[in-house]
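Given these sequences and hints, build the entire structure.
Protein chains: 2
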Amino acid sequence: MPYGYNGKILRVNLSSGRIWEEHPEEDFYRRYFGGRGFISYYLLKELKPGIDPLGPDNPLIFAAGLVTGVPVGGCGRNSVGARSPLTSAYGDAEAGGYWGAELKAAGYDAIIIEGRSSSPVYLWLHDSQAEIRNASHLWGKPTARSQALIHQELGDPVIRTAQIGSAGERLVRYACIMNDLSHVAGRTGMGAVMGSKNLKAVAVRGHHRPSLADAGRVADLARWLRDNAMFNARQLHELGTAGLLMGLNSRGGLPTRNFHQGVFEGAGNISGERLRDTILVRRGSCFACPVRCKPEVALSHPHSVDPVYGGPEYETLASLGSNCGIDDLAAIARGNQLCNSYGLDTISTGAAIAFAMECFEQGILTQKDADGLELRFGNSQAMLELIEKIARRQGLGDILAEGVARAAQHIGRGAAEVALHIKGQELPLHEPRYKQGLGLGYAVSPTGADHCHNIHDSLYTGPGPQLEDFKTLGILEPLPTTDLSPAKVRMVYYIVNWRHLQNCLVFCYFVPLNFLRTAELVQAVTGWNTSVWELMKVGERCAAMTRAFNCREGFSEEDDRLPERFFTPFTSGPLQGVSVDREKLREARDIYYGMAGWTGPGGMPTLARLHELGIGWVADAVKLKTEYNKTV
Amino acid sequence: MPYGYNGKILRVNLSSGRIWEEHPEEDFYRRYFGGRGFISYYLLKELKPGIDPLGPDNPLIFAAGLVTGVPVGGCGRNSVGARSPLTSAYGDAEAGGYWGAELKAAGYDAIIIEGRSSSPVYLWLHDSQAEIRNASHLWGKPTARSQALIHQELGDPVIRTAQIGSAGERLVRYACIMNDLSHVAGRTGMGAVMGSKNLKAVAVRGHHRPSLADAGRVADLARWLRDNAMFNARQLHELGTAGLLMGLNSRGGLPTRNFHQGVFEGAGNISGERLRDTILVRRGSCFACPVRCKPEVALSHPHSVDPVYGGPEYETLASLGSNCGIDDLAAIARGNQLCNSYGLDTISTGAAIAFAMECFEQGILTQKDADGLELRFGNSQAMLELIEKIARRQGLGDILAEGVARAAQHIGRGAAEVALHIKGQELPLHEPRYKQGLGLGYAVSPTGADHCHNIHDSLYTGPGPQLEDFKTLGILEPLPTTDLSPAKVRMVYYIVNWRHLQNCLVFCYFVPLNFLRTAELVQAVTGWNTSVWELMKVGERCAAMTRAFNCREGFSEEDDRLPERFFTPFTSGPLQGVSVDREKLREARDIYYGMAGWTGPGGMPTLARLHELGIGWVADAVKLKTEYNKTV
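Chain order of the listed sequences is A and B. Position 542, counted from 1, in the first sequence is what my numbering calls 542; the numbers after and before it change by one each time, with no gaps. Position 487, counted from 1, in the second sequence is what my numbering calls 487; the numbers after and before it change by one each time, with no gaps.
Hints should not be assumed to be uniformly reliable.
The list makes no distinction among identical chains, and a pair is therefore deemed to hold if it is satisfied within one copy or across any two copies.
[Unchecked claim] Below, computed lysine to any residue pairings styled on SDA-like, alpha-carbon distance capped at 25 Å: (1) LYS584 / ALA621; (2) LYS471 / ASN514; (3) LYS471 / GLU520; (4) LYS8 / ARG209.
Keep in mind the hints are simulated off the structure, nothing from the lab. Please read these numbers as outputs of a predicted model, since none were measured by experiment.
Okay, structure coming up:
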């Protein structure tokens with residue numbers, strides 16, 4: 001078996017209770033690496049097109065990656081994927097923490113879960129043993145409680161859990177999967193898929209350590225990270241991702257009141273600095289990571305907040321905060337805890353609430369529609385109550401639990417115009433009018449509005465070491481955040497592919513290993529004489545597979561678009577007058593397709609491009625028409 | 001100025017006598033590297049489409065590369081390019097030896113020569129000084145003589161010369177440029193372009209040493225090469241490229257009698273082993289190279305051969321030997337000397353003679369047409385006489401001096417069928433029915449039949465370290481030489497791009513630095529945090545530029561084809577029954593276009609691909625129609 005891997009993929013059929021193993025060849029590992037690579041591979045190979053994402057035919061795939069469990073910061077994560085019940089397209093999400101590393105330690109590289117159990121169960125994997133266990137007593141419990149019960153039952157408090165809360169059990173379409181209460185596989189509704197299988201949790205524990213081709217070089221890289229993390233990622237350590245908030249606000253790019261504004265007058269009250277100075281009690285971490293960017297917050301008044309649930313990061317602060325017009329940090333921290341205990345994606349949850357608030361403000365929803373809530377922007381109590389309602393699918397919460405796209409359809413009366421989503425997934429808290437490359441990334445992402453398949457313009461432009469890193473790829477010039485020139489499209493294209501690669505490695509975006517050091521890490525772990533070329537191509541391969549999957553499900557260029565709101569200029573703030581130019585975006589998208597070879601029917605990767613990526617089989621997997629096979 | 005470079009490009013107008021310098025920015029160097037990168041850049045930027053390749057408007061560009069002059073084996077070379085008088089397409093050739101390193105030492109990265117002198121001149125560059133000098137007394141002299149006169153005149157026997165012989169002076173369309181008498185920029189007729197300018201030679205001498213970002217790492221790489229050359233390149237050292245001959249013959253892939261057969265019964269008489277055991281007197285070398293693969297041969301009877309002209313390498317042995325049905329090693333050595341003293345490309349010269357022999361055998365040419373020569377395959381005396389006739393443009397030689405394509409047109413009577421060329425350039429001695437990937441490479445090469453833009457299947461397939469190297473690029477499986485599957489197309493595509501990169505570095509193909517070590521060398525020389533990705537993209541960029549140049553000159557997919565002969569199966573030998581499959585080649589070519597993004601009108605790179613390569617300006621340079629600009 002190749003260095004770094006266990007060489008074992010666990011397969012579980014919850015309908016039949018059957019458990020078995022697969023042992024792929026080294027070439028499989030080298031071609032797909034792990035994480036999203038494995039998920040998209042198996043979905044293309046095994047999923048029947050058109051199945052119900054919440055039915056038994058949708059496999060739920062937990063996947064570690066090439067570097068998972070390697071004792072270097074950023075290597076503790078895991079992916080989990082399936083056809084998304086939110087978008088009906090390719091779905092996956094990643095969580096940090098320790099669970100991924102523990103899965104590898106338990107002896108597996110991935111778990112593919114099919115079917116549906118007739119009653120609630122959880123999976124227990126430990127040192128190459130796997131069993132399906134009764135979870136009836138865990139069903140309905142908040143995540144902290146069910147985790148405690150699992151620890152108690154199995155007699156080991158170090159067991160790592162990936163689990164759903166009530167939201168997943170009730171098939172909220174943006175239910176997430178919680179790792180150890182505070183690390184979240186948030187997007188695309190993987191928690192609902194898990195719930196649909198009557199699967200409460202996957203508990204893992206093990207003592208394998210990944211074999212390393214060159215343990216000395218791995219240790220050197222870990223040491224380099226330790227020595228440099230505080231230089232390259234000091235703000236991240238100090239303030240967490242929340243450190244971004246004030247900068248975005250001052251540049252006019254902080255999503256505010258359902259993306260109506262880019263500046264929030266209450267930003268200072270919900271900033272990373274404010275969080276640090278008031279409610280922060282600890283800086284949490286992930287497996288082996290010296291950065292420690294995870295805030296843990298505590299509070300007893302006016303809300304009770306338990307640090308076991310971590311604390312709000314940037315996305316949550318902006319989602320439940322500025323984008324709902326709320327500057328009440330305590331309420332946001334409480335909302336974060338509610339989401340984590342119910343297993344709700346804070347991004348989509350906040351977006352659904354902001355959507356409802358705008359509907360309310362515009363008179364699309366009445367107070368009666370809102371179950372008596374005064375759903376105005378800024379009403380933090382209403383926000384907290386709506387979270388409870390969504391998780392329990394009560395009243396308006398039941399409608400919002402379907403996601404803003406379906407909710408708007410249900411509500412009618414012009415609600416669709418204020419439902420901000422792409423392919424059915426709500427927008428993360430990154431403003432496409434400011435980060436225009438990211439806007440393009442949203443449009444072409446297989447999972448719709450998803451910042452995790454995307455470029456963070458703000459991190460990668462301007463002078464300084466970031467530009468130096470880009471030169472490794474041949475991008476020599478700095479490109480402004482609001483630029484959408486062909487040169488910027490190339491940068492987006494490269495970074496999106498690199499993101500895909502990172503999701504195949506299952507390596508953290510935030511750990512400051514640049515392109516070359518990442519290649520060095522892969523080489524040290526596996527012994528493969530790899531290169532940035534091979535890594536980029538793994539990413540591009542994965543992008544092509546997720547694209548092909550979506551084409552098979554009927555998605556096309558038509559679905560690669562931004563909500564209308566972003567073609568409307570800001571009316572205030574530093575970006576006053578700035579919007580996405582519709583024609584420029586269309587051109588940029590077409591150039592992106594051309595670069596990616598997504599110029600087959602419906603935006604499919606061409607056969608030639610599939611062959612260049614060594615995945616000619618994908619053309620068969622999507623059952624392309626004969627004329628397609630002639631179009632190269 | 002960037003490490004490794006002088007930061008100076010010399011410009012000379014021979015019509016006006018004006019000499020000036022350009023000082024490009026660092027980005028220019030990092031984007032195009034040198035060699036073919038510079039040549040294709042300037043041809044696209046400055047050449048008017050449709051000009052006469054032998055007129056004053058065709059610039060002749062001598063270019064060193066990124067690594068030229070760096071004290072590591074493989075770094076002594078130079079490129080020289082222009083619009084080709086043989087193909088009317090993009091033209092360039094590379095020569096080894098010392099001239100390239102000396103050009104850099106003289107203070108220049110490249111020389112762009114425009115116009116036409118009214119009388120013979122030569123250029124003399126020394127330590128950042130450039131002058132145009134009278135060469136009337138050198139005109140018509142054999143290369144050894146004119147070099148001696150230059151040394152004498154300038155009082156320095158270490159001056160390096162790049163010069164033409166009578167063939168270039170008389171505009172033989174495949175006249176070459178000779179570096180120091182035995183290193184040859186052979187293909188595409190650059191010697192004729194030089195002759196058309198009345199430029200006899202470029203003599204260079206200097207004392208600059210390239211500044212290196214990390215001289216220690218450069219020295220380490222040079223040491224690694226020295227220590228490993230004899231392991232990785234032992235056969236090359238022992239036998240030169242001639243070491244390939246017997247293996248090709250035994251596998252049925254040795255071009256014999258104008259590519260009628262793949263096995264030559266007299267191969268043993270013209271092999272590298274025979275050469276070593278009989279006429280070899282020294283193993284010559286190039287700048288800083290530990291491999292020393294250049295045979296130097298001497299002979300007084302039955303022919304006189306002077307080792308100053310080097311000795312025949314594989315291409316020459318097969319071209320003047322097996323492909324003419326000749327197994328007389330002494331005659332071949334003499335033929336090699338004639339070609340080097342007249343400045344004739346031995347590949348095209350031998351091909352022209354083989355063509356004439358087949359015409360004679362088939363009755364297309366009579367003895368009268370052949371100036372009384374009995375032009376049968378195997379007639380070594382006729383071969384030697386024909387070389388003289390071609391160089392002097394006498395009789396049949398005058399016709400053959402135009403290249404086989406034009407000669408066949410002139411002769412008529414079915415001669416076109418036996419004229420083996422692609423885009424007008426004669427085939428090198430690599431059999432497309434055996435090396436099928438190379439056959440595809442011939443078809444798509446910007447210079448027609450050219451093994452220097454191409455894959456050498458025999459070197460890169462099968463198990464062993466070569467396959468390990470390919471894994472660096474993500475190619476995981478061995479691919480048979482006769483394979484032409486989409487996986488093979490990818491391998492060809494990658495290697496062709498890598499060849500382009502090597503031609504931008506101006507680095508020898510034969511020096512065994514693999515992909516990763518090459519990137520390490522570039523990094524050590526320049527200090528750039530480069531990667532195999534950046535290098536491959538430099539190669540792809542260059543491929544796209546040469547392609548775009550040809551499209552501007554009216555070339556299209558129609559020109560990317562093989563001679564009919566290769567669709568006819570071998571009738572004997574190990575490859576009996578094997579031919580190129582017409583349909584498979586067409587499919588492979590289309591897949592290649594798809595991979596390269598050559599799917600614009602006439603096979604132009606798409607606008608999206610140009611942007612991905614950071615050369616959107618090329619679309620303007622080729623003055624693409626509006627509808628093209630809409631096609632991405």
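Evaluation of the provided hints:
no. : hint            : result
1   : LYS584 / ALA621 : between (34 Å within a copy, 23 Å between copies)
2   : LYS471 / ASN514 : both (11 Å within a copy, 21 Å between copies)
3   : LYS471 / GLU520 : both (17 Å within a copy, 15 Å between copies)
4   : LYS8 / ARG209   : within (14 Å within a copy, 55 Å between copies)
In summary, this structure violates none of the numbered hints.
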